[in-house]
Amino acid sequence: MSRINKIFISLKMQALEQRRKFTTLLLVFILPVAFWASLYYTASEELTPITVPTLNEDVEMFVPVRKSYPTDLGLIAVSWTMAVVAFFAESGSAERDRRLVLCGYGSWQILFARLILLVGIILFTSIIPLILFVPILSPKHPWILWLAFFTVGLVAMEVGLLIGALVPRYTEGVLIIIALFGIGMSVQGEVAKLFPTYPAKQLFRSGLFADEPLVLPLVGQELLILIILMVMTVVFWYFRIRVRRSFNV
Amino acid sequence: MRGMFVKILNGTKEPGASGTCENTRPPLLEVRDIHKRFGRLKVLKGVDLEVNMGEIVGITGENGSGKSTLLKIIVGFLPCDQGEVVLRKTFGYCPQDPLLFDDLTMEENIEYFSAAYGLDQKEGISRGNELMKMLRCEQFRRKMTRHLSGGTRQKLNLIVSLLHDPDILILDEPYQGFDYESYLCFWEIAEHLKKEGKSILVVSPMVYERHHFTKIYKLEEGRLIHE
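Those protein sequence lines, which keep their order, are chains A and E.
Mapping the first sequence onto my numbering, position 166 (from 1) lands on 166, and the numbers just tick up by one.
For any residue, its number in my numbering is found by taking its place in the second sequence, counting from 1, and adding 1000.
In case anyone wonders, no lab produced these hints; they're calculated from the structure.
We put the beta carbon where it would ideally sit given N, CA and C, even for glycine.
There's no promise every hint is true.
[Said to hold, decoys possible] From the structure, some residues in chain E lie toward chain A, with a derived Cβ separation under 7 Å:
| hint | residue |
| --- | --- |
| 1 | Leu-1049 |
| 2 | Asp-1103 |
| 3 | Gly-1118 |
| 4 | Asp-1120 |
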């Protein structure tokens, strides 16, 4: 059996597993969307200042309260969903994956198949919120909103995979994800820059409010974070599921 | 000497068959002076073991005596602190806790593990069907693994370790949860494999039908004692 076939079968089996967890995944997705909707509709129409990155400089703009912090929270829906899905995909099957490696799978083949599957899910989960956001928020550049969702989904996926590779138990892992994405999306000011989803948040604001949006530097920053997280994930994943033996054929 | 070594010596496939131990052939499994500690607790204090072609070797011992730890070291799931394991030819490992994909059916699990062994899809499924029939669980083939009874899960666990027709089987309490019929089936399969020149290493806290075994060891205070 070729390596490609092995990847394909791993992809098929992981997709089947995810499909059968559909209700859980749907709940994971709906919870933050419901949270966002309740915040949006209870927030006032008063104007509040926010900083919006534009092509030339950061501009302070006055926008209704309901369009300020609740919009940041919109990103939670995608980032939370992807982080949890990736975490469950990895953490839940770590020991089984080790058995597959013992039987002859390459750890990279399983991880590669998982990445393909998760990127497919990100494409889906980054389009769905637009159905809600575009008519309600009337963004100036809807495609940038999609880009923000997509990049934040990629980073969140890597964070989920990394936590899955590091933390063996569900409870601790989910609590770390809540802390990272919940707090990361809610905090403002300098502290907010420490969180891996900050560039996506800026991209989102830029696409929503700026006439001349800042795109490439923010996407570049997010991709850099993605690459760093991916390298860390691969290293920790390898150590988590490796089989300790030396082959002497 | 930490973090070593299970050597898998996959030489050319020798014809099986004799069913008896031949002194000229090196053992399929050699375990030499294995030591393992968890913190201050020394679990294994110099374990030596050989399993030759066509042998069924049993390891018994109390709960927590280190039987599963020894098997995990042999297959490479755990590193040992000192010692060496040499595995010649292919092996199949059946862990104590069935490591199976709960959201896949029996058939899908078989297909997934067949791919891991490098078997093509048809070959894997056909071998899986054969083993399911032998262990009388083919009626559950399309049932989700999470909905299987403990005994049937254990059967699937065993089937997965047998799919690639290994030369040596390393089984950690393989018949726990089996009904009596299935238990007899297990021994039927084991005897059949023995006749084909395959070897089996079985770990179980209790050994009832001693006549099946070529050798039985007891793991006591970190060492193997021949019974």
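So which of the earlier hints does this model not fit?
1
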